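First to last, the sequence lines map onto chains G and S.
Each residue of the first sequence is one higher than the last, beginning at 152 in the numbering used here.
Each residue of the second sequence is one higher than the last, beginning at 152 in the numbering used here.
Derived by calculation from the structure, the hints in this document are not laboratory data.
Treat the hints with care, since some could be wrong.
As the list claims (entries may be wrong) - Sample of chain S residues facing chain G (criterion: CB under 8 angstroms; computed from the structure):
id, residue
1, Y197
2, S292
3, W296
The model shown is predicted, which means the values in this text are computed figures rather than measured ones.
Glycine included, each C-beta is placed from N, C-alpha and C at the ideal position.
2 protein chains.
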Amino acid sequence: MADKKVEAITSMEEDFAQWYTDVVVKADLTGYTSVKGFMVLKPAGYAIWELIQKQLDARFKETGVENVYLPMLIPEGLLQKEKDHVEGFAPEVAWVTHGGLNELQEKLCVRPTSETLFCDFYQKDITSYRDLPKVYNQWCSVVRWEKETRPFLRSREFLWQEGHTAHATAEEAQERTIQMLNVYADFCEQILAIPVVKGQKTEKEKFAGAVATYTIEALMHDGKALQSGTSHNFGDGFAKAFGVQYTDKDNQLKYVHQTSWGVTTRLIGAIIMVHGDNNGLKLPPMVAPTQVMIVPIQQKKEGVLEKAEELRERLSSVARVKVDATDKSPGFKFAECEMRGIPVRVEVGPRDIENNQCVVVRRDTGEKITVNMDELESTVAELLVTIQKDMLEAAREHRDTHTYTAKNWDEFKDIVENKPGFIKAMWCGETECEENIKAETGATTRCMPFEQEQITDTCVCCGKPAKKMVYFGRAY
Amino acid sequence: MADKKVEAITSMEEDFAQWYTDVVVKADLTGYTSVKGFMVLKPAGYAIWELIQKQLDARFKETGVENVYLPMLIPEGLLQKEKDHVEGFAPEVAWVTHGGLNELQEKLCVRPTSETLFCDFYQKDITSYRDLPKVYNQWCSVVRWEKETRPFLRSREFLWQEGHTAHATAEEAQERTIQMLNVYADFCEQILAIPVVKGQKTEKEKFAGAVATYTIEALMHDGKALQSGTSHNFGDGFAKAFGVQYTDKDNQLKYVHQTSWGVTTRLIGAIIMVHGDNNGLKLPPMVAPTQVMIVPIQQKKEGVLEKAEELRERLSSVARVKVDATDKSPGFKFAECEMRGIPVRVEVGPRDIENNQCVVVRRDTGEKITVNMDELESTVAELLVTIQKDMLEAAREHRDTHTYTAKNWDEFKDIVENKPGFIKAMWCGETECEENIKAETGATTRCMPFEQEQITDTCVCCGKPAKKMVYFGRAY
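So here's chain G without its partners, still in its complex pose (with noise of 0.2 angstroms):
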């Protein structure tokens, strides 16, 4: 039964993209509705978002942000007010047409984002330099009418948090939003234990009605990029679309300055795309719901249940701990702890209690070790920690080790081809040439790196002078 488990599951080498769907599925993350397009968030996929939610949320709440909550429906008329904005997202919303037993007067959209409503409560909440600044989010669904859809990638209803702030000067909603992209980019690599690439996005790729937006780029197993959170700064663009404005000390009036940075449930297609391996997902424990489970070995067997529970309310100080007593096989019991990629396995048996020891499994390496019962908490506390670093340097390895540097044309075809990955080549400017390496390889600038490198003087694609070093890459 444990092997008709992990069969079930094509392997990540044959094909990617399926391998993913299985694990979402024999993972149980996700479900299917009939309501076409969107999904259901299971018990324990969503236990992963509760986790993401109340740790990111209080590294927010250390920065000075306060949640809120704004409407769900965004009037017509609102939507339009900034023009950039409206373009980029009309075509992909939803209208709501009718309340109750009547057309309504104006049509609303179900929130693709909350820009708008934001300003709208702003131009109302903000009159003088005193109400400054407004640093709020919030955490709520959002809907855009995507034509395909895969679980946690692309969705046409999706959980997040949105940011939205409001500040005095130019300075401070930059420095907002570089902080808040560095508070991301911390929370991948200390929570998700994935390592991100952090820098900003090209005039094409960037958000609309932004003056800048920022990334961080993560590289999944395959070496297909994801951009895995966004920060924008708007300037004084909605301020000005939306009249926000406030009275400064020196009574004149000014237009506030804004950013916007969110996170979405796509961070859990991440982890399962980074960590995850042929036995199913890998859940860094962090973010593991469950990140103990003991498995009793021959179960019926006097004592074996009650030193199995005895262990798990020892081991509770120091872990979220189960125990799983069902009537199914200890290999499918195995097999299913790491299809669900729960950190440690913690077997116990009738010889394991007459030699006072168990044995301990990890799933980031498989590596089994036996241990004394006696010190089984602080190892166990202890295993966490490493497992959690060692997911960290395992991804980092595959990222940096899949990261390329082209000089020229020849060189970047034959790395999209050939080898799965970043790409790190110089970049002219030129919205032009961004468009002819999408045409011509399907690989799109993912961003314009923090840390610049002087790789070579010219533009990968046309030769012109280079203004840039860019990380390039197929992506989800």
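Given chain G's structure and the hints, the job is docking chain S onto it.
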């Protein structure tokens, strides 16, 4: 300035509805939007909801509840599957008719509640008795196209949790229905300091599609009732409509038995109307985002702000505490603390520092205590417990002294007219009498309480033999 702030509130004796609106606005709980009938939950309001959510969610999880997330949109065909349910909700839903640039083949409503989605999901997810019970819950927002709206009490969108469970037997479903009602009742008493009456709704008042609806009913300061949480037993009605079946141990295909239960941001309205006074909001410490506000006196004098900060640091181990170091006057700050309902105010000025003491003021009673600074942590910690307890007792006393008994129709009418509160009276069980009572007095059946009393033998309205003692009242 302090006076000005307080003056701005209508007194509750003069106009309770206006007093309520004034408190909501002045305590900065909600804001207006350009989206008609929708509100913004501002930081002070949302933070109360976060504390409710955190503490209620922990209680749910202790009973085995798991959180999930289902789509926010429901296809029309799905909504129509259960006849009573669609009749109850169809007139008040918002319809999405267009996705992106195209008209949808089937229109979708924004969820007013998610029974139909959970049934659809359970129908796919449940096959065997091994899959039962399912005890799922989601935290989300829902939309109901109300004609008249009031902050927290009735709004076109509100935040809530909705639990939806599926069980093998009718007994287990009934047990869960009552278990969750008890969770709500305990939560209201222990966390919100609001005593409630537990009971069953009449046929007329029960939820669309339910076999039985149970409710907790609270009494507001003005003597009106507020339905504060409900728990429904659906029997196998929804299961039959949606084909939610499982194979039992005896290999027979059987229908599941379902429940649902929910509380909403309406609870914040209850907190305001049960505890508030003419100085503003009064928050029970357990749901006060700021439990203690330290107000420095003569803060420009040397050492005052430093001492205030030192006390904040010390108190942060026992309470959620802030210092108000703004340039407002102490009187203004006092009034603001009261308006926002902060349970404890600590005043510290040069003379206090000299005497190694500070003044501690209770929001609930106004009592001032001079406290030795060395004992501040223990005094404040104890005081918060005392305030929480005293607020429940005060609310209970108000509820009890405003609960009346009507033995006959004349008494009933007299009480409704002259003594706002709960009315306990006997009822024959006929909907006609309920409707007559409502038409003539505006009072509705709040519930048939679990704790029955035998007041008389006959229905207070028609004089026929009585079946149940009922709580009546005018309600929000």
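These are the hints, each one checked on the structure:
1. Y197: Where the cut-off is 8 angstroms and the nearest Cβ of chain G is about 5 angstroms from S:Y197, the hint holds.
2. S292: With a closest approach of 6 angstroms, the S:S292 hint holds.
3. W296: It holds, given that the least Cβ distance between S:W296 and chain G is near 4 angstroms, below 8 angstroms.
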